[in-house]
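Q: Guided by the hints, dock chain Z onto chain A, whose structure is given.
Protein chains: 2
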Amino acid sequence: MNWSLDSLGIIHSCYQEKFAVPRQPGLAPSARATLELLPPYNQPECVEGLEDFSHLWLTFLFHQNLEQGWKPRVRPPRLGGNQKIGVFASRSTFRPNGLGLSVVKLESIELQQGVKLHLSGVDLVDGTPIVDIKPYLPWADSLPDATASWAPEPPPLLRVVFDARVEQQLAHHTEGVWLRQLITEVLAQDPRPAYQKNDPQRIYGVMLAGANVKFAFHQQNEQEVIVVLELG
Amino acid sequence: MNWSLDSLGIIHSCYQEKFAVPRQPGLAPSARATLELLPPYNQPECVEGLEDFSHLWLTFLFHQNLEQGWKPRVRPPRLGGNQKIGVFASRSTFRPNGLGLSVVKLESIELQQGVKLHLSGVDLVDGTPIVDIKPYLPWADSLPDATASWAPEPPPLLRVVFDARVEQQLAHHTEGVWLRQLITEVLAQDPRPAYQKNDPQRIYGVMLAGANVKFAFHQQNEQEVIVVLELG
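Those protein sequence lines, which keep their order, are chains A and Z.
According to our numbering, the first sequence is numbered sequentially starting from 68.
According to our numbering, the second sequence is numbered sequentially starting from 68.
Check each hint, because a few of them may be wrong.
Copies of one chain are not kept apart here, so a pair can be met inside one copy or by any two copies together.
Said to hold, decoys possible - Lysine-lysine pairs mimicking DSSO-like chemistry, simulated, CA-CA at most 27 angstroms apart: (1) K138 - K183; (2) K264 - K85; (3) K172 - K151; (4) K183 - K264; (5) K172 - K138; (6) K151 - K183.
Think of the hints as simulated: they come from the structure by calculation, not from any bench.
Remember, it's a predicted structure, so these values are computed and weren't measured experimentally.
So that you can see chain A by itself, here it is in the shape it has in the complex (with noise of 0.2 angstroms):
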């Protein structure tokens, strides 16, 4: 068996690069990417009826992963980096045959030009190739009680907090608050990889939305706290 894949279309996000990509959908509501199909399905036809959905499953490619392999184990950082669990236990983005699952929020459909759907709460990076789109149904699909023993609830979050000057250029940024919203939620989730998480003096930089953002990690009353440094 070996069945080829062809790109249904073509994720353009918010998230520029892969790291701190929230490791789920939904971590960060204020994450937005337009989905553009691509011909042949770029059709009207083909997304008919699907304003009637609240929220759709989008399968996909780990496109910058698919030529490093797999391995049998892979180590989640939910359990901190170290401990290690089966491929097929994990949603790692280093598995056999490359796929991802993500469900999205539908925002608005856009058939001006081809097909774009406007999406939000993605955990996609730019690029990201689309192999399906399917409708999410609670009904099949929603199964609050299941069990997921290490991985129960969503990871903790930090608190994150702006430098003065930084607040003033998001004061004056056209999206400003929603950019603020944006960076809030996704450096909450810690995108640190487990092994530099004693590096306190490590200034971290992501392009987020178009601003290079730089952060770093203090302490604040015992607590560790995310702070934005700089704006670029």
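A: Same frame as chain A, but now just chain Z:
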């Protein structure tokens, strides 16, 4: 972009043919299947820790439909088979890339010879090739408030009754209680294609868990019921 998928495993299912397979998972909780992983994915390491999750996502290929391709619009059975909607607004099995997605219950894991996952609540026909396995994460995947306007709830169920002779056969069957329950759950979904709903004389047959089940649609007190006529 063109990416080739490998089959990670194969489904051995109580659904021996496509006819009468429920249209979503979970609708027939008694449905059983075994997912047999294939080399090189059938190493116990690959599923280490999977037993901690109650439910799994399976991504699979609609292998019986792949040759028939897709059309921009489809007629979902839920809309009576007359109204057309976009293929991406449906879960139609005839779709670009031919990918299916089902959440299933993980009953147990067998590691004696290779790896076998025992599953229930499946909607997968025997022989289905599996291309991804992921744990279900309720805090990311369960959205009970998602809206799905024309399919807001499971399809209505028909009443299923058994001919006295069939009841006797089931009473002597080693797995009669389970088989009776399975037949009830499956037939209650009304497996007829929409265009056959006005053919009251027709006798249907389906192979289910090794039994050749013959059934028909009768009127009782102005309600349509399904009568199981024969078990071969």
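Q: Cα distance capped at 27 angstroms. Does K138 pair with K183 within a copy, between copies, both, or neither?
A: This pair counts as between: shortest inter-copy Cα distance 19 angstroms, intra-copy 36 angstroms.
Q: State whether the alpha carbon distance between K264 and K85 is at most 27 angstroms within one copy, between copies, both, or neither.
A: within (18 angstroms within a copy, 51 angstroms between copies)
Q: Tell me, please, which holds for K172 and K151 at an alpha-carbon limit of 27 angstroms: within, between, both or neither?
A: Between copies, since 23 angstroms is at most 27 angstroms while 32 angstroms is not.
Q: Are the CA atoms of K183 and K264 at most 27 angstroms apart within a copy, between copies, both, or neither?
A: neither (39 angstroms within a copy, 38 angstroms between copies)
Q: Checking an output row: K151 and K183, CA cutoff 27 angstroms. Within, between, both or neither?
A: between (39 angstroms within a copy, 21 angstroms between copies)
Q: At most 27 angstroms between CA atoms: does that hold for K172 and K138 within a copy, between copies, both, or neither?
A: between (32 angstroms within a copy, 25 angstroms between copies)
Figure legend: structure checked against the earlier numbered hints; the only hint not met is number 4.
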